[in-house]
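Fit chain to chain and form the complex, with the hints in mind.
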Amino acid sequence: MRPQPSIPLRILNFFSSVGLATALLLILMVETWLATLEQVRHGLFDTLEKYFNMKAWYVLPDAAIMGDTFSGKFLPPLPGGYWVCLLLALNILLGGIIRMRKGWKNTGILLAHIGIVVLMAGGAVSQLFEERGVMSLLKGQTADYAQSLTETTVEVIEAHDGKPTGAVHFVTDQYYRDCVDGRTRVVKVPGLPFDLEFAGYVRNADPSPVSKERLKGEPVVDGWFLADIKVEKEEESNHPGIHVKLKPGNGSGDSTIALLTTAAFQPLTYHLGDRTFLIRMTKRVWPTPFKVRLDSAKSKFFPNTNRPRSFDSNITRIDHDAETQHFIEMNAPMRYAGMTFYQRQMAARNEGGDGDAAFSQFEVVRNPSDKWPKYSILITGAGLLGHFIFKLATFILGRRSKRALP
Amino acid sequence: MPLRVAGGTAIRGGMKLRGPTAFLVLPLLLAACHKPAVVTVDETRPLTMADEGLKVDASNLDRFQDPKQFPFAAGIVPDGWRQEAADQFRLLNFSFGQGGEVAVGASRGDLLQNINRWMDQFSAPHLKEEDFGKLEIVHVLGTDGVWVEAKGTYAGGMGREPRTGQMLIGVVADDGKQIITVKMTGPADEVAAQKPALNAFIRGLHYR
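Respectively, the protein sequence lines represent chains A and B. Residue numbers for the first sequence, in my numbering: 18 to 423. Residue numbers for the second sequence, in my numbering: 2 to 209.
Just chain B, with the same shape it has in the complex (with noise of 0.2 Å):
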């Protein structure tokens, strides 16, 4: 006795189609269905705690980067200034002109190694404690740091060759936690020619 389906309408022989084929016809359809071009989609949920602690009108350094690894924020950027990628080394990373960069670090150790470490990068004589005095005072991220300069051939370490004409402004403070590093290299006469735009940046300088 042949099946019935519904309407009691008997399905005899004669069909090519055998059923494996049908069967598979489905998902071959199902595959094929795109989402189309314009939707509306009406869902909601109710605000939670995870939407606690949003910031409005956040900029693009508050989004992006994580303030617990990212700490500092440029008040200022001057003019001609271009934002690089951050790293763990360069927690704000700036380039000017042709080679000229900027980096602000933090890092260990004390001032005059920090210092020393820049006078090596230039082949330049160690600073003593006793040169201390004669450096400038600068006021940076709440803090009292030293003005720092250094002319000549740019060793720049990461694997990069060594560089010549070349300068470094910048300041080197100890908040009593970290040591603040504010580092502008770049061809001597681009660099001289920055500094009123590194104090400004400097001056700009804060917490997020």
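Just chain A, with the same shape it has in the complex (with noise of 0.2 Å):
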């Protein structure tokens, strides 16, 4: 009788089957499907995180994609993409490649097989650690930073004599965005005299004045509230707000409560002591290490239509003294010290017009991995190539052999 296998090794098993890859590509396939069919109704943003993030570790897809009679009901529940991404780049490397049977005659699938995983993994690399924001240029500006269009940060500067000074404080929104219903979070900032206690995130917020109307038992400061309003699916269009507490350290003094919100032109001035610091909630900035400077830009539009047919840009990046000249384009990006420039959008003199345009906007991208699908790409081709030559070879030779036979 066969020995039954251990329960490491079944678990192995289980995890490098070709079962499982199959069961996990479906998944994948109904949750790409789901997600683009939901994000018509709730948005890009929303229906990535809901589908795709780490924290989602199961996705009720809104059964309103099949109609509106639907509306409030939900499909069966999937598993998480992140995770099934994982077991399927998990699935590939132990079944894939370390299970394989190695030889001269699976190099091109084993090859290709490592592509895969590079890939999955570039994307594992690109969630974790890439920086995005964009850059807007009116034409003949200049810029040294770029900004997040969803993520958030409380930024904290100290001002002398009128002027911003030292380093920019800032707390990233994974720290303030769950201060809802009650819960708050206090913020310690080495450096900083105060506290800053976080409550009452509002994800779309509209600063107003008091007014009956408007008010719902929001909190009132100095006469101004911060209105919920309706969240937009695009998420870059909404202004996220936040009651804040600045608590000086060691007790001393009171509390100051202040309304923050993207929405705000200017900082919320705070004077602690003979100190003065300036407080505000901002799309996250990303500093260049070098200043990019808009000379000329242009678009085009297919004939009576809105469609952009080509957008470029003429630049000058300055980085210190060195000034050089670029010509930025749709998949033409500018590659330099870590970061990569994309032409993202313009404004057109004339709407749906070719010209020239007044303002340019380049996707500012810092990814560690920024390459890797390339090199997935590469990797994978040589390996079906390298199997395809194989097999042609094989089942020519073995036509020969077959003549050949009396």
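Treat the hints with caution; some may be incorrect.
[As the list claims (entries may be wrong)] Each computed DSS-like pair below joins lysine-lysine, with the alpha-carbon atoms no more than 30 Å apart: (1) A:Lys72 to B:Lys36; (2) B:Lys178 to A:Lys233; (3) A:Lys156 to B:Lys178; (4) B:Lys184 to A:Lys264; (5) B:Lys69 to A:Lys180; (6) A:Lys205 to B:Lys56; (7) B:Lys184 to A:Lys233; (8) A:Lys247 to B:Lys69; (9) A:Lys308 to B:Lys69; (10) A:Lys67 to B:Lys36; (11) A:Lys315 to B:Lys36; (12) B:Lys36 to A:Lys262; (13) A:Lys247 to B:Lys178; (14) A:Lys308 to B:Lys178; (15) B:Lys36 to A:Lys250; (16) A:Lys180 to A:Lys262; (17) B:Lys69 to A:Lys250; (18) A:Lys156 to B:Lys36.
These are calculated hints, taken from the structure and not from any lab test. Computed from a predicted structure; not experimentally measured.
Next comes the structure, spelled out in structure tokens:
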């Protein structure tokens, strides 16, 4: 009688099985399809968070994608896309690389599997470490920073003689986005003589003077409050807000409550002793180690449509005193100092018309795995090509040897 | 041969926990993680051009209203006036008493058209060019405007019911780019009592 395999071996068999790979690929296909349909109703940001965020270990697809009559109902649950991808990567690593029969005959397939694992690892690295923002420039304007479209921060800058000085302390939104329904969090920032206590996070806030018609129990600060308005489907259109209590360290002095929102045009000024601090909530600022000046921009559209045919920009990169001219267009980004500048949008002189643009926007990405997909395609392509050549050669040689038989 | 793990210990049968179940525990634990109520955050970045132009001691109006869309600021807000939400028609918006309103706006057209629009709201006779000389001149936002008054039933507009016993006082001025209006409406007795306050408010108006 054949002995029963040990539990670890059974686990290994399970995780490296072709059956699991097939099931995971099917689930991913279904999830991608459902997410594509769902993002029409709920927006891209929310849908990606729901289906593919690390914290979402299961997903309840919205049944309303099948029609309004199913509104408020859900389809059967599916495992979170992030974990499905992770399992798939593990499955390919175990079954397609580690446990695969090694030999020169399988070299091509092995390479193809390695390429797929590189691609999935690139996706994971990108999700964990990628920094992404936009740099918007008017013609002739220079900038040394990009800003996130969705991530916010609360920044504290000390001011001397009315001007910001020193480093900018910032708290990312992971520390206050969950401060809802009475939950608060105290953030201590080394080097600052006060703590920040966050409460009452609002995903889309409209700072308003107190008005009986609009006030629905929100905290009022100096006659103003953060109205909790409808969340837009496009996350970048939302202006988050938060209530912050500034608490002097060591209990010295009274606390001050303030409203912060990315919709504000100026920071809050906080005086503590003889020191002055500017505090604001803003879309996260990513400094670039060089400056970029927009020299000119051109847009072309398909005739009689608003569909862009090409956007291109001439820019000058200013790295200390060295000025370098660059041409950026769609699919031809500028790569420099670990950053990639992609052409994103621009304002045409006439809507739908070709010509010079007064404004150009670049997507600025710092991604350690930026080129991994390219490497993955090269590895996978080389592997499959090698395998096909091998199979073809085997086939041809096999036929010749059959013919040679008497 | 059983699979060996670190330390050379073999895991043998008898374990009830199945592989998939064990794997699902990890995300469950991760999902349950919340950040603590007190945290220390030590992240900094250098100053950039994004930090230029920050105003120290900005008022709430400076902070929360776009100076391009809402170019006016009140230097003096009389006692008892309450600031209300502004919109594209009411660039500054206040209320007082029982139904009194003050709105500062910018509109198109000319002085006469705007004055007569107000007159229409009170079913009052239209003013003519030659009547301008009779109107009191008031200095507002760096230019000269004319003082306008009307009494009676206020149609109000914007779907409101007409109200009797109302009064309007205000200023209409042309600064060459736009028509600036400062309009106080409300119950006649309350508006009459607020006339000195409105004068003070108009004197304090300035561009942001």
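Verification of the supplied hints:
Restraint check: the Cα-Cα separation between A:Lys72 and B:Lys36 comes to about 13 Å, which is no more than 30 Å; the hinted pair holds. Among the hinted pairs, B:Lys178 with A:Lys233 is inconsistent with the structure: their alpha-carbon atoms are about 39 Å apart, more than 30 Å. For the suggested pair A:Lys156 and B:Lys178, the alpha carbons sit about 27 Å apart, so the restraint of at most 30 Å is met. Restraint check: the Cα-Cα separation between B:Lys184 and A:Lys264 comes to about 42 Å, which exceeds 30 Å; the hinted pair is violated.
With a CA separation close to 23 Å, the supplied pair B:Lys69 and A:Lys180 stays within the 30 Å bound. Restraint check for A:Lys205 and B:Lys56: satisfied, since their Cα atoms lie roughly 25 Å apart, inside the 30 Å limit. A distance of roughly 29 Å separates the Cα atoms of B:Lys184 and A:Lys233; the hinted pair therefore holds under the 30 Å criterion. This hinted pair checks out: A:Lys247 and B:Lys69 have alpha carbons roughly 24 Å apart, not beyond 30 Å.
For the hint linking A:Lys308 to B:Lys69, the alpha-carbon distance of about 27 Å falls within 30 Å, and the restraint holds. The suggested pairing of A:Lys67 with B:Lys36 holds, with an alpha-carbon distance near 20 Å, which does not exceed 30 Å. The hinted pair formed by A:Lys315 and B:Lys36 fails the criterion: a straight-line CA distance of about 47 Å is larger than 30 Å. With a C-alpha separation of about 18 Å, the suggested pair B:Lys36 and A:Lys262 falls inside the 30 Å cut-off, and the hint holds.
Taken as a hint, the A:Lys247 and B:Lys178 pair is broken in the structure, with Cα atoms around 35 Å apart against an allowance of 30 Å. With a C-alpha separation of about 37 Å, the suggested pair A:Lys308 and B:Lys178 falls outside the 30 Å cut-off, and the hint is violated. Distance restraint check for B:Lys36 and A:Lys250: the Cα-Cα separation of roughly 27 Å lies within the 30 Å cut-off, and the hinted pair is therefore satisfied. Annotation: proposed proximity of A:Lys180 to A:Lys262 holds, straight-line Cα distance about 24 Å (limit 30 Å).
With a C-alpha separation of about 26 Å, the suggested pairing of B:Lys69 with A:Lys250 holds against the 30 Å cut-off. About 44 Å separates the Cα atoms of A:Lys156 and B:Lys36, which puts this hinted pair outside 30 Å; it is violated.
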